[in-house]
Amino acid sequence: MTDRLTTLRKTIENVLPNVEGVLALRIGPGGITAPHLFSKEHSEELDKLALWPKEPVPDTLKIILRAHPDAKLAIVCRGCEERGIVEMFKHSQLNLDNLTLIGLQCEQDEAEFCRCAKPFTVHSKLTVGEPIEGVPDPLTAKIEAMSQPEKQAFWKQEFEHCIKCYGCRNICPQCFCNICALEDETWVETGRLPMPNPSMYHMVRAMHMTAKCVACRECEETCPADIPMAVHFRLIARDVREMFNYEPGASMDQKPPQLLVLEEGEYERSGLPH
Amino acid sequence: MSDYIFYPGCSMESSAKAYYESVMAVCKPLGIGLKEIEDWNCCGATEYLSLDITPAYALIARNLALAEEQANGNKTIIAPCSACYLNLAKADHYMHDDKAFGNKINEALAAGGMHYTPGKLAVRHLLDVIINEVGLDKVKENVVKPLAGLRIAPYLGCMLPRPDYGKRYSDTEHPDELDRLLSALGAEVIDFPLKTHCCGGHMTQIGPDTAFEMIHRLISSADALNTDVIVTVCPMCQMNLDAFQGQMNNHFKTNFKIPVLFFTQLMGIAFGEKAESLGFGSEFVSAAEAISRVRVQAPKPAEDAPVAKKKTPGLPMPPLRTKTDHTQEAGR
Amino acid sequence: MYEPKIIGFLCNWCSYRGADTAGMARMKYPPNVKIIRVPCSGRISPELVLRSFREGADGVILLGCHIGDCHYATGNHRTAKRMPVLKKLMEYTGIEPERLYINWVSAAEGEKFTTVIKEFTETISALPPFVETMK
Amino acid sequence: MKSKKKPQERVGVYICHCGSNIAGVVNVEDVSTWAGKELEKEGVVVARDYKFMCSSLGQELIEKDIKEQGLTRVVVAACSPHLHEPTFRNACSRAGVNPYLFEMTNIREQDSWVTTDKLEATKKAKSLVSAAVGRVVYQKPLESLFVPIDPNVLVVGGGVTGIQAALEIANSGQHVYLVEREPSIGGHMAQFDKTFPTLDCSACILTPKMFDAGNHKNITMLTWSEVEKVEGYIGNFTVTIRKRARFIEESLCTGCGVCWEKCPKKVVDDVFEAGLGYRKAVYTPFPQAVPKYPVIDHENCTYFQKGTCKACEKFCPTGAIKFDQQDEILTVKVGNIILATGYDLFDARKIPNYGYGRLPNVFTSLEFERMTNAAGPTMGKVVLRDGVTQPKSVAVIHCVGSRDKNYHNYCSSICCMQSLKFAHLVKEKTGGDVYQFYIDMRTPGKSYDEFYQKIIHEGVNMIRGKVAEIIEGEGGLIVQAEDTLVGKQRRIPVDMVILSAGLESRADAKEVAQKFGISCSADDWFIERHPKLDPVATMTDGVFVAGACQGPKDIPASVAQGAAAAARVLSIIGQGEIEIEAATAMVDEITCVGCKQCVASCPYQAIQFLEEKGKAYVQEALCKGCGTCVGTCLPKSITLKHFTDEQIVAEMIGAMRVMKSFEMTEVA
Amino acid sequence: MTDVVSVLDPHTSHTKREDSILLREVSLRTPGESHVDMCIQCGTCGGSCPSGSAMDHTPRAIFAMLRAGMRDDVLNSNTPWMCVSCYFCTVRCPQNIHITDVMYTLKNMSLEARKPTMPVASPPPTAWGLKNSSIDPKKYNPTAADFSKTFIWMVENFGRSFEIGLAGVHNVRHFITRLPNMTPMAIGMLTKKGMSPLPPKRIKGMDQLGKILQRAKELESS
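Protein chains in written order, with numbering that gives the first Met the number 0: chain A, 0 to 273; chain B, 0 to 331; chain C, 0 to 134; chain D, 0 to 667; chain E, 0 to 221.
Think of the hints as simulated: they come from the structure by calculation, not from any bench.
Where hints are given, some of them may not hold.
Distance condition first, Cα-Cα at most 20 Å in a straight line; then the derived PhoX-like pairs of lysine-lysine [what the hints assert, rightly or not]:
| no. | chain 1 | residue 1 | chain 2 | residue 2 |
| --- | --- | --- | --- | --- |
| 1 | E | Lys216 | B | Lys98 |
| 2 | C | Lys117 | C | Lys27 |
| 3 | D | Lys595 | A | Lys61 |
| 4 | D | Lys193 | D | Lys404 |
| 5 | B | Lys34 | E | Lys203 |
| 6 | A | Lys254 | D | Lys614 |
| 7 | D | Lys265 | D | Lys313 |
| 8 | D | Lys332 | D | Lys242 |
| 9 | A | Lys71 | A | Lys39 |
| 10 | A | Lys254 | D | Lys595 |
| 11 | C | Lys117 | D | Lys349 |
| 12 | C | Lys27 | D | Lys117 |
| 13 | A | Lys61 | D | Lys612 |
| 14 | D | Lys261 | D | Lys305 |
| 15 | E | Lys148 | B | Lys16 |
| 16 | D | Lys349 | B | Lys166 |
| 17 | D | Lys261 | D | Lys321 |
| 18 | B | Lys166 | D | Lys404 |
| 19 | D | Lys349 | D | Lys193 |
| 20 | D | Lys614 | A | Lys61 |
| 21 | E | Lys210 | E | Lys148 |
| 22 | D | Lys264 | D | Lys321 |
Required output: the full structure, derived from the provided sequences and hints.
Written out as structure tokens, the structure reads:
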């Protein structure tokens with residue numbers, strides 16, 4: 000850990016003179032780790048530079064950019080966060096010319112904590128740490144192995160705990176709409192808790208995450224009811240990869256498949272009738 | 000030196016020893032390392048398929064399974080015999096193409112504790128590897144005794160260019176791979192129109208009259224083109240054209256004497272190897288006279304020179320299709 | 000035995016006309032399906048399908064022009080890419096994915112339309128009512 | 000947060016008996032009474048049933064209620080909207096209700112005709128009416144958009160199809176830009192000598208048309224030119240055309256021909272002469288070329304390649320040679336476009352067993368056409384490749400590259416007749432033996448089978464069997480095939496073989512289709528709007544296809560299509576302006592987050608991204624109203640007018656509510 | 000229609016259903032997608048075949064006979080046995096029919112129809128349309144089938160084949176009159192090529208191969 004921290008600090012110090020600020024984690028007052036914008040004016044703050052626990056840096060970036068769309072920044076991002084930034088770029092939500100990516104490679108225990116399949120960056124020119132292999136996700140496998148009634152019971156129980164705090168949406172780097180479909184009563188029923196089953200809220204959200212979710216698991220982390228909603232996203236991401244050969248955040252110019260016409264073989268893989 | 004998995008096939012042990020010896024002699028200077036599959040079995044030729052399809056494919060697949068076991072990182076099987084090449088390639092193709100069929104064959108293999116993953120290995124003929132992997136430049140580097148003055152009819156037979164599951168040859172009926180190789184050896188290559196016609200196959204055994212007709216067609220056509228040597232890439236073709244040439248002559252009351260050699264034998268000569276080490280002398284129609292010409296570099300007798308066709312101005316011909324045409328077509 | 004409630008989203012150009020063709024030929028099929036006409040199957044967002052279930056539909060059937068024959072050239076290509084994902088999501092959430100069915104029916108295929116509706120109604124009848132499974 | 004209040008509207012509901020078509024199965028009185036009572040809270044103020052709603056009396060009923068009862072919305076439950084939606088929309092319109100405030104539900108084709116049980120049919124009718132009522136209150140008045148039509152027309156391709164289309168339009172007084180890639184118009188037909196089945200001379204019937212087109216005051220002829228870019232939509236296309244440098248000053252050239260007489264450079268002409276003859280580096284493809292001006296072939300001109308020569312310039316009596324001429328880029332505005340880009344001949348060299356390109360005396364159909372042409376390289380003599388010997392026997396092979404999964408799957412439709420014509424010409428010119436090798440003889444046109452009979456009578460040998468291979472032997476060629484009617488293999492020695500090569504789409508058909516916003520079939524033929532009922536229109540309004548670019552066709556069919564496309568265009572021009580689909584998509588700029596996903600998903604590229612605003616924008620004239628973008632937009636910022644989410648949801652709720660209520664009563 | 004056919008020739012009476020069964024059986028027994036049902040009777044195969052002149056029916060005719068359900072005639076035909084596997088027909092066929100592979104299937108079926116386990120005298124399964132089977136165990140090309148069998152006997156016992164033994168055994172059985180003509184060749188084989196008249200050494204995995212082939216045979220018949 001120390002090793003990566005030192006290298007990271009060095010990297011940030013090198014980058015700082017060329018940008019208006021570097022977005023990374025800092026141990027704040029009360030020992031709480033949170034995203035912080037380090038600036039060259041206050042480089043002493045780098046003493047408080049932190050790596051873990053993971054906090055939603057792209058989400059903070061989203062907020063900063065809303066106020067200062069032309070800010071020239073650098074950001075320390077892990078594999079998932081980098082993918083999030085790529086997807087935001089692909090959805091025209093930020094300008095990568097103004098953004099320097101500092102890739103932070105996760106370590107084994109971190110990857111296991113996140114059940115992460117890709118705990119490494121691929122686009123960042125500057126990187127800190129050594130990339131490691133991904134780990135399998137036991138929870139996703141467990142849920143997938145359930146029978147249909149078991150799945151139904153499992154999710155019914157999980158969704159019953161949802162208090163519709165919108166926390167999962169708010170923290171998601173991919174939820175950048177001004178007005179959210181989840182707040183439209185055409186789709187999501189209002190004024191009822193627990194929400195009626197099936198949960199329109201969670202299913203609509205899962206559909207919106209198709210070809211967008213970068214598997215950062217911030218939603219699960221932030222959820223006060225501990226709903227493992229990213230399981231849906233991960234399973235669907237796998238299907239999308241198999242059917243349409245698309246992976247969110249993997250490439251800068253590949254468009255989400257559901258926007259495009261069928262390519263050869265895609266129809267056959269979609270499972271639709273011939 | 001690149002290593003390849005080597006499947007020699009039964010003929011190489013018996014009737015085509017000349018092929019075996021010459022293959023070994025030319026692969027070395029070309030940097031082709033051959034690792035023979037241990038305990039390979041017969042590919043079944045065309046006969047087992049005729050009797051019982053599933054066992055026939057299982058028989059072939061045992062070789063593929065052995066090759067996969069012994070692959071040691073290599074991905075290509077070289078089979079110098081066209082029939083073996085096609086059988087191995089075909090089994091791999093159908094096991095890959097037809098999942099249910101692949102599973103059935105693997106079920107049979109499982110009875111012997113074996114398994115083959117369809118598509119895992121590429122099955123290729125030695126000619127294809129020399130042209131497309133080693134390259135003609137490397138061949139030319141090794142030529143010390145160009146085959147100048149030797150008129151050769153390149154003869155491929157059927158099973159190499161057809162059905163060509165791997166799309167490795169320039170054409171299914173008039174491929175130019177062997178022509179280019181022989182030209183690189185310095186020989187005078189005849190545009191042999193029947194280069195992929197049938198040698199008679201097993202018809203020599205089951206319907207000799209039909210077989211003699213096919214052999215006659217090939218030999219007489221080669222003779223009409225003033226051929227010194229017919230070059231083959233397959234033991235079966237060589238056997239039918241060479242060993243049965245005499246019987247065919249009896250049948251048709253003709254007296255053709257065209258030696259039929261393996262392409263590797265001529266490569267060996269051009270590479271400066273000794274003829275004895277290349278299996279010369281085992282052919283029925285002696286090639287000694289033809290080869291002696293190259294050895295001494297004697298100019299060809301005037302009367303043997305090919306009769307040039309009289310040229311009249313005439314109408315222009317369409318240009319022949321080029322490699323670019325093929326690529327463009329594939330792109331469409 | 001309950002009467003399943005089925006919502007059918009049909010594109011205006013092929014499938015809706017296919018249903019008309021079935022009618023003109025007086026082919027019979029169960030009355031459970033209520034057809035909603037949309038310009039193109041590509042118009043149907045996953046939200047609309049989910050909302051149908053939420054409203055108590057036991058099954059949703061989505062019919063469009065055959066791939067390659069779309070009145071809007073490639074509108075149905077998007078359907079063919081969105082809806083399989085929704086079916087997967089339903090599966091992962093414990094909803095029988097067969098409650099959502101996608102197929103292609105041209106204006107001439109009255110018979111296919113009838114068969115598709117019959118088979119789908121049978122499939123849905125074999126499942127418990129959706130509301131009950133969600134209780 | 001969006002919150003919705005239900006609109007207060009006065010809805011009239013009309014249930015049609017359609018004689019006994021509906022009333023025989025559905026209890027229509029019950030439905031109308033039920034609607035009047037149960038749907039009152041949904042806004043229904045009038046509910047009636049009537050024998051024939053589509054009759055003038057039925058329509059008057061609606062109009063009267065609108066005026067007297069102050070209806071703001073109308074629902075008719077009757078037959079398919081594809082039949083009578085326009086009828087009732089007009090009725091509403093006449094009474095002052097916007098036509099888009101009308102909704103029709105189908106209780107005939109999708110209820111009474113397909114349901115056996117009368118009770119079930121009535122229940123279904125009720126839920127369909129409820130759905131329509133639920134929806135109609137959310138409907139919004141829409142106004143159709145009209146755009147004026149630019150009367151100028153672009154015709155691409157100067158073959159017989161394009162010439163026909165251009166002449167039809169020009170004769171009606173409208174202006175046509177005729178764009179042709181080659182130096183002269185005329186196309187493939189100009190290469191032929193005789194045409195089947197009448198055997199009249201191709202040039203005799205084509206050249207007058209070419210001349211007319213070349214001298215028409217309403218036709219701007221742009222040969223040696225290609226379309227580079229097309230922008231806009233029906234009525235308002237802007238087309239960019241590259242007029243390649245001819246290196247000839249057209250205003251000075253008299254077409255006297257001295258330049259090509261003096262030009263020292265001879266090249267094989269693989270376009271017009273199909274590779275069988277020669278032309279000079281400065282040339283017109285044939286003597287009757289229109290326009291008469293030659294072009295200098297840059298790749299072969301000695302001056303351009305080596306820097307010296309200029310023989311043409313020296314001898315040109317009017318000083319028309321301009322070596323420094325540059326390509327010109329023209330921009331023209333047109334309202335409609337006709338594509339008549341024609342076909343390419345299948346490259347017979349792809350079939351190795353037929354030996355074309357290897358065996359000198361194997362010819363393609365186009366080579367043979369040139370050979371028989373009196374103005375062709377052999378002056379009309381049928382000879383072998385040596386240019387002298389007349390063949391004593393000729394084989395004609397059908398289906399070369401057609402009806403063959405290895406090459407083209409389709410039937411090229413002209414080859415049978417063309418091959419029979421060849422047989423006749425060989426007989427006529429050489430008296431030799433002719434062998435026709437065919438798979439199936441297809442002669443379905445007017446007087447076509449009679450032609451077949453005539454050819455048989457001339458003593459042509461017909462062999463039913465696809466030729467397996469052609470080899471050299473016995474002093475000529477040997478054609479090997481199975482005579483399938485005998486069931487035996489035959490080897491027939493001949494002197495000459497003619498391959499009736501199939502027609503294929505132009506090599507650049509895909510690019511052209513993309514340029515004009517239309518689609519191609521799997522074989523790259525342009526796709527028409529409807530194969531039977533709209534054969535020359537395309538899915539892109541204002542772009543029409545005619546002739547062989549849409550699929551293999553003979554001359555009569557091509558000419559008919561050229562004229563048909565012209566008629567379609569003239570009918571649009573006659574309207575002066577054109578109505579654009581009112582049910583288009585619309586972006587809510589407040590909620591749009593500028594993610595550009597809709598831009599990529601639109602099949603018509605109708606969505607623009609306004610960079611300065613960071614918002615998407617739908618160009619209404621381009622939008623066809625499919626709604627694919629709506630299904631894509633995550634914040635639901637795009638609405639498709641007349642098919643909004645709230646309308647569809649209301650329709651769904653309306654249907655479900657009734658179905659659920661029946662369930663309850665049955666349980667009770 | 001069926002009735003008309005049966006009146007004409009009781010031996011070829013087939014219902015329409017049975018016709019398609021024969022075609023389907025051939026299709027199912029051929030690995031991959033054989034497209035055998037797609038024949039347009041153009042005759043490219045018959046024209047291309049180097050041994051076409053020795054066949055009693057051209058391959059094209061065989062496909063028409065398959066379609067007509069003429070099971071006995073097809074399985075009695077020498078056509079598949081004359082096939083030299085040159086694949087000209089396969090690559091040239093405009094309908095992409097895997098003709099050579101279909102020929103292998105027909106050879107299999109032809110032999111199977113003569114197996115002692117499938118007595119031709121007693122009524123065979125009607126499902127295959129063999130109501131009045133006229134399969135004649137002698138009426139097929141025994142030379143070709145026996146050559147295959149001799150070859151396979153060798154492979155199944157040694158794992159490898161050897162031509163001289165094979166040709167010797169085969170020719171003694173079938174072309175005894177030709178032997179004098181062939182003697183120089185046989186001698187040549189031994190002298191010039193240095194071939195051994197003895198069978199090859201058995202491969203090591205003979206047991207394993209035996210098991211694999213046994214299992215494959217079970218799978219084939221199941």
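Structure-based check of all given hints:
1. Restraint check for Lys216 of chain E and Lys98 of chain B: the C-alpha separation of about 19 Å stays at or below 20 Å, so the hint holds.
2. For a cut-off of 20 Å, the pair hint linking Lys117 of chain C to Lys27 of chain C stands: about 9 Å separates their Cα positions.
3. Straight-line distance between C-alpha atoms of Lys595 of chain D and Lys61 of chain A comes to about 17 Å, which keeps the hinted pair within the 20 Å bound.
4. Restraint check for Lys193 of chain D and Lys404 of chain D: the C-alpha separation of about 31 Å exceeds 20 Å, so the hint is violated.
5. A threshold of 20 Å between alpha carbons decides the hint, and for Lys34 of chain B with Lys203 of chain E the separation of about 18 Å falls inside it, so the pair holds.
6. For a cut-off of 20 Å, the pair hint linking Lys254 of chain A to Lys614 of chain D stands: about 19 Å separates their Cα positions.
7. Annotation: proposed proximity of Lys265 of chain D to Lys313 of chain D holds, straight-line Cα distance about 18 Å (limit 20 Å).
8. A hinted pair counts as satisfied when its Cα atoms are at most 20 Å apart, and Lys332 of chain D with Lys242 of chain D qualifies at roughly 16 Å.
9. Between Lys71 of chain A and Lys39 of chain A, the direct Cα distance comes to roughly 13 Å. Compliance with the 20 Å bound is thereby established for this hinted pair.
10. Between Lys254 of chain A and Lys595 of chain D, the direct Cα distance comes to roughly 10 Å. Compliance with the 20 Å bound is thereby established for this hinted pair.
11. For the hint linking Lys117 of chain C to Lys349 of chain D, the alpha-carbon distance of about 49 Å lies beyond 20 Å, and the restraint is violated.
12. Proximity of Lys27 of chain C to Lys117 of chain D is assessed by CA-CA distance (about 13 Å); at most 20 Å being required, the pair is judged to hold.
13. Taken as a hint, the Lys61 of chain A and Lys612 of chain D pair is honoured in the structure, with Cα atoms around 19 Å apart against an allowance of 20 Å.
14. Between the alpha carbons of Lys261 of chain D and Lys305 of chain D the distance comes to roughly 17 Å, so the proposed pair stays at or under 20 Å and holds.
15. Restraint check for Lys148 of chain E and Lys16 of chain B: not satisfied, since their Cα atoms lie roughly 25 Å apart, outside the 20 Å limit.
16. Distance hint between Lys349 of chain D and Lys166 of chain B is fulfilled; the C-alpha atoms sit about 15 Å from each other, no more than 20 Å.
17. About 16 Å separates the Cα atoms of Lys261 of chain D and Lys321 of chain D, which keeps this hinted pair within 20 Å; it holds.
18. Using a Cα cut-off of 20 Å, the hinted pair Lys166 of chain B and Lys404 of chain D holds, with the two alpha carbons roughly 17 Å apart.
19. Between Lys349 of chain D and Lys193 of chain D the CA atoms are separated by roughly 28 Å; this puts the pair beyond 20 Å, and the hint is violated.
20. The straight-line distance between the Cα atoms of Lys614 of chain D and Lys61 of chain A is roughly 18 Å, inside the 20 Å bound, and the hint therefore holds.
21. Taken as a hint, the Lys210 of chain E and Lys148 of chain E pair is honoured in the structure, with Cα atoms around 19 Å apart against an allowance of 20 Å.
22. Simply put, Lys264 of chain D and Lys321 of chain D have alpha-carbon atoms about 18 Å apart, close enough for the 20 Å limit, and the pair holds.
Of the numbered hints listed earlier, those contradicted by the structure are 4, 11, 15 and 19.
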